[in-house]
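Asker: Working from the sequences, and respecting the hints, build out all of it.
Protein chains: 2
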Amino acid sequence: MNNAIEDSNIDITDIGAIYISNFLGGPLSGQLHLNSVVASMLPGMNISILRIETACASSGVALKQATYALSEYDNIMVIGAEKMTSPYIVNQAEAIAMASDRFIDRPGCPIFPAIYALIAQQYMHKYDIDHEVLERVSYINHKNANLNPLAHFYHKEVSMDAIKRSPIIASPLNLFDCCPVSDGAVAIIISKEKRSDRDIRIISSQFTTDSISITQKEDMTSFKAVKLAASKAYRESGLKPGDINILEVHDCYTISELIALEDLGFCAPGEASKLVNNGSILKDGMLPVNTDGGLKANGHPIGATGLAQVYEIVAQLRGEAGHRQVHDPRFGMAHNIGGVGGTASITILGVS
Amino acid sequence: MNNAIEDSNIDITDIGAIYISNFLGGPLSGQLHLNSVVASMLPGMNISILRIETACASSGVALKQATYALSEYDNIMVIGAEKMTSPYIVNQAEAIAMASDRFIDRPGCPIFPAIYALIAQQYMHKYDIDHEVLERVSYINHKNANLNPLAHFYHKEVSMDAIKRSPIIASPLNLFDCCPVSDGAVAIIISKEKRSDRDIRIISSQFTTDSISITQKEDMTSFKAVKLAASKAYRESGLKPGDINILEVHDCYTISELIALEDLGFCAPGEASKLVNNGSILKDGMLPVNTDGGLKANGHPIGATGLAQVYEIVAQLRGEAGHRQVHDPRFGMAHNIGGVGGTASITILGVS
Chain A
1 MNNAIEDSNI
11 DITDIGAIYI
21 SNFLGGPLSG
31 QLHLNSVVAS
41 MLPGMNISIL
51 RIETACASSG
61 VALKQATYAL
71 SEYDNIMVIG
81 AEKMTSPYIV
91 NQAEAIAMAS
101 DRFIDRPGCP
111 IFPAIYALIA
121 QQYMHKYDID
131 HEVLERVSYI
141 NHKNANLNPL
151 AHFYHKEVSM
161 DAIKRSPIIA
171 SPLNLFDCCP
181 VSDGAVAIII
191 SKEKRSDRDI
201 RIISSQFTTD
211 SISITQKEDM
221 TSFKAVKLAA
231 SKAYRESGLK
241 PGDINILEVH
251 DCYTISELIA
261 LEDLGFCAPG
271 EASKLVNNGS
281 ILKDGMLPVN
291 TDGGLKANGH
301 PIGATGLAQV
311 YEIVAQLRGE
321 AGHRQVHDPR
331 FGMAHNIGGV
341 GGTASITILG
351 VS
Chain B
1 MNNAIEDSNI
11 DITDIGAIYI
21 SNFLGGPLSG
31 QLHLNSVVAS
41 MLPGMNISIL
51 RIETACASSG
61 VALKQATYAL
71 SEYDNIMVIG
81 AEKMTSPYIV
91 NQAEAIAMAS
101 DRFIDRPGCP
111 IFPAIYALIA
121 QQYMHKYDID
131 HEVLERVSYI
141 NHKNANLNPL
151 AHFYHKEVSM
161 DAIKRSPIIA
171 SPLNLFDCCP
181 VSDGAVAIII
191 SKEKRSDRDI
201 RIISSQFTTD
211 SISITQKEDM
221 TSFKAVKLAA
231 SKAYRESGLK
241 PGDINILEVH
251 DCYTISELIA
261 LEDLGFCAPG
271 EASKLVNNGS
281 ILKDGMLPVN
291 TDGGLKANGH
301 PIGATGLAQV
311 YEIVAQLRGE
321 AGHRQVHDPR
331 FGMAHNIGGV
341 GGTASITILG
351 VS
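Just so you know, the sequences run in chain order A and B.
Quick note on numbering: the first sequence equals residues 1 to 352 in the numbering used here.
Quick note on numbering: the second sequence equals residues 1 to 352 in the numbering used here.
Please note: incorrect hints may appear among the correct ones.
Pairs count within a copy or across copies, as identical chains cannot be separated in the list.
Listed next, the in silico BS3-like pairs over lysine-lysine satisfying Cα-Cα at most 30 Å (straight line) [stated by the list, open to error]:
1) Lys224 - Lys126
2) Lys224 - Lys192
3) Lys192 - Lys227
4) Lys83 - Lys274
5) Lys194 - Lys232
For the record, the hints were derived by calculation from the structure and aren't laboratory data.
The structure presented is a predicted model; accordingly, all values stated were derived computationally and were not measured.
Answerer: Spelled out as structure tokens, the structure:
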């Protein structure tokens, strides 16, 4: 919060409202009503503060809602925050599973790694892909995180060999296919008027929903909500996939990164492994993806993740991404999903 | 949802977005990501659905947020829902306490009845009020609920004597000073354009926040956030307390009803007992309050409560409130608070 205020050069009293994104404050910390917790940090301000939750897509959706409120306020803060370590009531796997269907899916298939393992099995079988592609996704994300001082795995060297040899979590997913359990918070400020040359424009922010149970999915190798939200965002922005210079995707599992590249229209179904294998998604490639390390290596503090993606894109579009800076990007896209594609939020940002 | 669709005479496919208010789906039912759960009930629609949480004020705030989105959609549904019976993970008292400060307040003063008992003690001492006034508040609300077929305590006759003799929960609060644990849901539809003569106008919807810990409150006998939100709503609407013909207040405890009448400007501090004793708040009085029975007797399904208030006011303004109809109301106000006044939402509605 303080860093965002300092960076924006505005006074905290110029903030008219605060949108908080958080997923598991209740089940993990026994603390809901976070808007009032934040009000306690700003004594005497008594502004409009609220919390939004749409599982792992909470902060992408919170950003969208905050843009509406620019009709009433000049400056709005959007905070994504999640405290996932030291759980107080239930363990993390049980808490995260609250993003999936309790009644149909969970009795037989309790936690997310198992669900994404089913997805990976289907994808790998359908497109005849082997696990090495997933290992390469993990390797690239860890390499990027090594250039990001704020990443969960900053300065943790990870070799292809270590990734390959990591223990199985839910076949075919290994430890290094899965994002870690992270604490983290991001705060950004959006404004009605342009304030400086460093400002980045929100060109489009769209989200949509789909059924919660995996038994209701037409296709396990693609997320309908992502395709619909992306198509709305492309339409609203007037841009097409080829215009995007930097991309942040929701790689909660390595398989998700492949599916995202396809659902967002960067390649045809089943072709994402080519973008991985030919180096397109590298920091210096045609379409740099997850330059911050992604959920895999930057971390996945759930309620903060979508805003962390926006933070990375803003840093890149401003040319302030340090060692991980890509060459002169103009447009960036953040892809933030909840559950097994039950919610999909797409944000397109551009230099102003 | 179906009743709202039927009553509004529009098609479900004309709904552009859904705002869900729910407080305890995670801690009580192990189910978060409710926007995707609702998407499952509307297969193929894939619209924008999200959840908002600000403790017991969640649905007042959700309604406000939905009004912003009328800039993008013609018709929006707002749902408040809470399943509080048959808890799955923690008990209700522990879950509800997540609306209070975990770190400062809860170790010494764990649950809400105890906090409101402190408030009642201070109020009764400061203004020299005895418990009989609170008993009368309870009696009136139960009497009103007896005319409301949807009330939790519909057709439960409650005598002043039964209220007086009810067991102490946290002195000076008895069982009949406390709202019950209720399941419930409300759905309303808001539209950009007027659709029929039965339409009711949202004249103002405002909310504000205050600190979460009771140790940070300047005054235990008044809620600052309520006074600020009400003053914003009066300013936005151009109305004053005397213009309000029907009032729904958040009587989670009987003492809250007295404080609400004062904070909303219907009388001076310490004078609310007069409005109770002289019959002003009765169904046929000068200012009918909680004609549906209030939280005390209509029930308090937390995430639905603020919308249940709006539902009652709409029914009254339409002249469709049956046996509990008051005479020709023009303007109604709903007062919905979260925690110990950490969030306050005020909605003013009027005939269109």
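Asker: Give a verdict on every hint.
Answerer: Outcome of the hint check:
1. In this assembly of identical chains, the alpha carbons of Lys224 and Lys126 lie at most 30 Å apart only when taken from the same copy (18 Å versus 60 Å across copies).
2. Taking the closest pair of Cα atoms, Lys224 and Lys192 come within 30 Å of each other only across two copies (29 Å); inside a single copy the shortest separation is 32 Å, beyond that limit.
3. In this assembly of identical chains, the alpha carbons of Lys192 and Lys227 lie at most 30 Å apart whether taken from the same copy (29 Å) or from different copies (28 Å).
4. For the homomeric pair Lys83 and Lys274, neither the shortest alpha-carbon distance inside one copy (36 Å) nor that between copies (48 Å) is at most 30 Å.
5. Proximity of Lys194 to Lys232 under the C-alpha cut-off of 30 Å is found in both arrangements, the shortest distances being 25 Å within a copy and 28 Å between copies.
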